[in-house]
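Novice: Chains as they are written, first to last, in the working numbering: chain E, 1 to 254; chain Z, 1001 to 1193; chain F, 2001 to 2193.
Careful, some of the hints might be misleading.
[Said to hold, decoys possible] Interface residues of chain E toward chain Z, partial, derived using beta-carbon atoms under 8 Å: (1) Gly26; (2) Glu28; (3) Gly29; (4) Ala105; (5) Leu106; (6) Met118; (7) Arg128; (8) Arg138; (9) Leu230; (10) Glu231; (11) Leu232; (12) Ala233.
It is worth saying that the hints were derived from the structure and are not from the lab. Glycine included, C-beta positions come from ideal geometry on N, C-alpha and C.
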Amino acid sequence: MSDALDDFEMIPEVPSPETLTLELDGWEGPLDLLLSLARTQKVDLREISILALVEQYLVFIADARALKLEIAADYLVMAAWLAYLKSCLLLPREETEDPSAELLALRLQLRLQRLNAMREAGARLMARDRIGRDVFARGAPEGLRIVRKALWDAELFDLIAAYGALRARAEPAMHIVRLRPVMTLDEALTRVERMLGERLDWTALEAFLPETPDPAYRRSALASSFVAMLELARTGRIEIEQEGAFAPLMVRAA
Amino acid sequence: MMREPDEDARAVEAALFASEEPLSRAEIADVVGEGVDVADALDRLQADYAGRGVGPVERGGKWHFQTAPDLAHLLRRERESPRKLSRAAVETLAIIAYHEPVSRAEIEAIRGVQISKGTLDVLMEAGWVRPAGRREAPGRPLTYATTAVFLAHFGLESRRDLPGLDDLKAAGLLDPVDAILETLEVESEDQDV
Amino acid sequence: MMREPDEDARAVEAALFASEEPLSRAEIADVVGEGVDVADALDRLQADYAGRGVGPVERGGKWHFQTAPDLAHLLRRERESPRKLSRAAVETLAIIAYHEPVSRAEIEAIRGVQISKGTLDVLMEAGWVRPAGRREAPGRPLTYATTAVFLAHFGLESRRDLPGLDDLKAAGLLDPVDAILETLEVESEDQDV
């Protein structure tokens, strides 16, 4: 047990009332102070007199105040609560009272027992044969090593494909212009002239375009037909009219 | 003279001696290879080393060699005293060990004060305490539990070896206060009837 | 079962085991205290541990515990795990195979990018590439070549089995990727006509 005490800073020795008045800073809150006071009753915690304990606490706080010690708020809250508990315990019991003073006292007693149990458990833990203090592991273990060796995964095809791609990258690039579907200007001229012979009224340019699902071919036809119409208008064979920018381009035979 | 050990026991002995960390049976098996009855070899090793100055011990399902506790007086290193633990840290460790998994609020309820920032950090840094998942309760509080390192450090084979655990359990000192009071109330009501 | 050791042997045993460094007899005596015949205790320990997986050994007048030499293979195990070679590594290997002996600068010139230090290391660690002497040129650059392990892994009798540029071209492996796609498109259009 003495070993355990070496190892953490302190379990307060059961204090005399005089030391209590001087060491308010040494307590970890009101419950800690109450537990230390309870121990001065020198009985099993299950047997302590809660009324006496309340009295001890109130006296302690009163002494501290008399000495003008600074007292943290939670100590005063506990004092107020204990004063209330004391009056309840002293007054004749009212049946309707809920919770009863006895129950409150029991709750306090249980909390003290639980804290005390953990405090003792901690001391017993600290007193065990501890590694690095009482028992020792091997000072210079060789160590176990599992060396993960990579088993590289590569196929001959990966290798030659990579080389092919590299060489291809290095070769001067050969550009092949793709053959695209287009309507030539001549085709467009022939087509528009032929169609104008059939239509006398104003007709939108789009009506002259061939039906096609291919948007590229349609764009080519549109451009060529437009140029063809400009050419026909220049030679006075057709008239072109447009009401405004981006409005439909209307055409008729002159 | 020691009994001439069989090859299995020799291999397990060497593995435990050489390892920098305690090893589970599965980890030992990983080192010594297939076809070794590790549990059986460990039994024989324990018998072989009974009463010697060092020996194999099991802590939290992991095995390591350590010196005999009664030789502590020879080996204790004066210069490097173990890390000083504050009283708050010792109590918090005890509460976690005896109540695990336990939330911060529950630790504070038992101690009657808030846990200061560094207390849990110190215990986790020592490798004794780990977060143990969230509780399915309002606020989903994080809970804490102890580790195999904790058991090894304090020479416990398992949590069941925690000193006084059974007594504390029987006395209801590990149950929440409210739970005890409810039991008492029910009992007293029963008596009243 | 080991012989029940005497107290002196136990103390020396624990001291040697726990020490981070080999200990001389005098240092052991310092630990275990006066009145212990250390030399005698060490003799008994050596006899006790004869044939076991570990034991006390003396090296240059200092004693320490050591695992038995015949069990050394347990302490360092090699595991092989398959891993995919990175593209950089595959390309570098290909260049070395086709151009060996080849310097790092030449590899970089062909790849068009620098090679990282790790890439050649990986190939050498795999046993596929070896340094092949320095080139008698300014800066005397180190050159690299492939190994017999490389040939065996890729199923090649010799480097002459690597497909030549003509073979690569015939297999379509030399065509730039874009050109290949465009060719396909033109062909399909031709078919439409």
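Novice: How about Gly26(E): closest beta carbon in chain Z under 8 Å, or not?
Specialist: Violated. Min distance 10 Å.
Novice: Would the hint on Ala233(E) be counted as holding, given a Cβ-Cβ threshold of 8 Å to chain Z?
Specialist: 79 Å, violated
Novice: The hint names Leu232(E) as touching chain Z; please verify it with the least Cβ-Cβ distance against 8 Å.
Specialist: With Cβ-Cβ at 81 Å, over 8 Å, it is violated.
Novice: Any CB of chain Z closer than 8 Å to the CB of Glu231(E)?
Specialist: Constraint on Glu231(E) not satisfied, violated at 80 Å.
Novice: Tell me if the interface restraint on Leu230(E) is satisfied: Cβ within less than 8 Å of some Cβ in chain Z.
Specialist: 76 Å, violated
Novice: For the restraint on Glu28(E), tell me whether the closest CB of chain Z is nearer than 8 Å.
Specialist: Hint holds; Glu28(E) Cβ to chain Z Cβ min 5 Å, cut 8 Å.
Novice: For the restraint on Met118(E), tell me whether the closest CB of chain Z is nearer than 8 Å.
Specialist: 5 Å, holds
Novice: Could you check if Arg128(E) really has its C-beta closer than 8 Å to a C-beta on chain Z?
Specialist: It holds, given that the least Cβ distance between Arg128(E) and chain Z is near 5 Å, below 8 Å.
Novice: Do the numbers back the hint for Leu106(E), that is, is its least Cβ distance to chain Z under 8 Å?
Specialist: 7 Å, holds
Novice: The hint names Arg138(E) as touching chain Z; please verify it with the least Cβ-Cβ distance against 8 Å.
Specialist: 6 Å, holds
Novice: Next item in the hint list is Ala105(E). Is there a CB on chain Z closer than 8 Å to its CB?
Specialist: It is violated, given that the least Cβ distance between Ala105(E) and chain Z is near 11 Å, above 8 Å.
Novice: If you take the shortest Cβ to Cβ gap from Gly29(E) to chain Z, is it below 8 Å?
Specialist: Holds, because the Cβ-Cβ distance from Gly29(E) to chain Z comes to roughly 4 Å (cut-off 8 Å).
Comparing the model with each numbered hint stated earlier shows that hints 1, 4, 9, 10, 11, 12 do not hold.
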